[in-house]
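Asker: Sequence:
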Amino acid sequence: MSIEDLIKPHLRNVTSYDPVDPPEMLAEKAGIPIDQIIKLNGNENPYGPSRKVSEVVSNSAVHVYPDPLQRKVRTKLSEYTGFPQDSLVVGAGSDELIDLLFRLFVEPGDNILDFEPTFGMYAFCARIYQAEVQLSRRDSSFGIDIEDALKTINDRTKIIFVASPNNPTGNMASEFEIRSLLDTGVLVVLDEAYYEFCNFTFADLIDEFDNLVILRTMSKWAGLAGLRVGYGIMSPILVNHLMDIKSPYNLSVTAEDALIASIDDSAFLLKNVRSIVDERDRLFSLLVDIDGLEPVPSSGNYILCEVKEYKKDFVVSGLESEGIFVRTFNNESLRNCFRTAIGTPAQTDRMISVLKRLV
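Each number in this note's numbering corresponds to the 1-based position in the sequence shown with 342 added.
Please keep in mind that the hints were generated in silico from the structure rather than gathered at the bench. A couple of the hints might just be wrong.
Pairs of lysine to aspartate or glutamate residues, derived as EDC-like cross-links and limited to a Cα-Cα distance of at most 16 Å, are as follows [as the list claims (entries may be wrong)]:
#	residue 1	residue 2
1	698	633
2	500	452
3	698	636
4	414	428
Based on the provided sequences and hints, a complete structural model is requested.
Answerer: As structure tokens, then:
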């Protein structure tokens, strides 16, 4: 018997999540110095975290285990969100909370409802937990086809995942769509990772629907992607169950300190968010003016762009040769598209200059 024989059969050849490479690998790929790389493939914040984060992290008590009940960070998040502490739970990124929700709700043979194209972590976790992925189509504007969605739900549907704004398309879900899904009684996980860039939330529905979970992250607006900090807003009953099954020390003390410092400096960070939104609008206008490109309006910190005449691979390769990295997808509906994060004005100008030569 080999070690492979001892591994769970469904995990022996599982399709892994497709992540983005770190800057040093991108620099090696492009053959240019790392400080010349323009990394726009991860929806990261081009301005980074608050300076207060560096100050507090350098003094974090890393020799002490973090609080398993997350009291300080839940208190701070309560101040920021307006929701009580008993409706909040914090994870090592919202990815951990997605995994915990699968752990809590999904058994082998169950299914989730997914709306492709969307964030790939939902389907990845389904593969890990032996759940089927029921796909409901989106319309030509990437909106949810609610009639098709309701027909797709069955007795073994345990979780419905909706990202709003949707990643990578950037469009928002409507209240009618969300209420229709919630009325089914199935758990609805509404991923609001880009909430600060659209300033619209469905979190007020938490009091009305105990089957609603809101997920948010500190990665995008606060620039903490490398520290892995996400949180959920939900009924206290669900919070208690997730606290029971999570790893006791899931959030590092550095992540705790960074979250608190970020919220204490939220005025500065939200000013950067406004700059990113302004730059998003400018980039969209510049992309519209390039023949052969068709950008999709976005409420996130990114723009999906279709390349006409099947030139996407040529365009993406050309960008990479200049040290500019964007995101591409295997999804059939996005085969001619790339997604670019919103960078600084200088990064926008550089990308537009290269695109005009390529298209």
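Asker: Hint compliance check: list the failing hint numbers for this structure, sorted ascending.
Answerer: none
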